[in-house]
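Let the sequences and hints guide you as you build the complete structure.
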Amino acid sequence: MRNVRVARRYAQAMMELAAEQKTLDRLSEDFTILQRAVQESREFVAFLKSPVIGAEKKKSVLRGMFQSKLSGSALEFLDMITGKKREDALGHIIEEFFNLRDERMGIVNVDVRAAVELSGDQHRQIEKRFESITRKKVRISFSLDKQLKGGFIARIGDTVYDGSIRRQLELLRERFTDELIRN
Numbered sequence: 001m002r003n004v005r006v007a008r009r010y011a012q013a014m015m016e017l018a019a020e021q022k023t024l025d026r027l028s029e030d031f032t033i034l035q036r037a038v039q040e041s042r043e044f045v046a047f048l049k050s051p052v053i054g055a056e057k058k059k060s061v062l063r064g065m066f067q068s069k070l071s072g073s074a075l076e077f078l079d080m081i082t083g084k085k086r087e088d089a090l091g092h093i094i095e096e097f098f099n100l101r102d103e104r105m106g107i108v109n110v111d112v113r114a115a116v117e118l119s120g121d122q123h124r125q126i127e128k129r130f131e132s133i134t135r136k137k138v139r140i141s142f143s144l145d146k147q148l149k150g151g152f153i154a155r156i157g158d159t160v161y162d163g164s165i166r167r168q169l170e171l172l173r174e175r176f177t178d179e180l181i182r183n
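Residue 24 in the working numbering sits at position 24 of the sequence shown, and the numbers go up by one each step.
Watch out, some of these pointers could steer you wrong.
Said to hold, decoys possible - Derived DEER-like restraints, expressed as beta-carbon distance ranges: (1) 83 / 16: 16 to 26 angstroms; (2) 3 / 111: 19 to 29 angstroms; (3) 65 / 13: 18 to 28 angstroms.
Hints are computed from structural coordinates only; laboratory data are not their basis.
Glycine is no exception: its CB is placed at the ideal position from the N, C-alpha and C atoms.
Here it is as structure tokens:
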């Protein structure tokens, strides 16, 4: 919980800075580069979390790694969080930053798990349906879930839309049970 609050605070500060300097697109690109490093390299994450490596050494290594790839604002951000010993929260900060950016742009992220590979037409139908439900632009990520017997399950934040066959059968069973009890 504490890490989430810290991440949100830093992300909010970076969002405000980017909006003020009109560099939101550039900072988003920079954070995408950093996010990729966090997601693809266990060694990088271990380096960030290491209590043995001092802040100055980490700053030096991070500057060496990203000097030619990131903007000055992003490099200063890395220096700042390293100086405050928050570099281990980098992945969470970036995630929160992207959430805030999407919120600011009126975009909702929808994760859809389906039992089978969906066609392009089915993707568009699901996208339109969730745009209608949320009244916002949606960014959908589709994945295959072999554990589902049929249908799909969608998640928007903490809300789950269960259109799986299993759920439909549960609803049908509940309806039959209710009918039997009443009669």
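A quick look at each hint next to the structure:
1. 83 / 16: 16 to 26 angstroms: With Cβ atoms ~20 angstroms apart, the hint holds.
2. 3 / 111: 19 to 29 angstroms: With Cβ atoms ~22 angstroms apart, the hint holds.
3. 65 / 13: 18 to 28 angstroms: At 23 angstroms between Cβs, range holds.
The structure meets every hint from the earlier list without exception.
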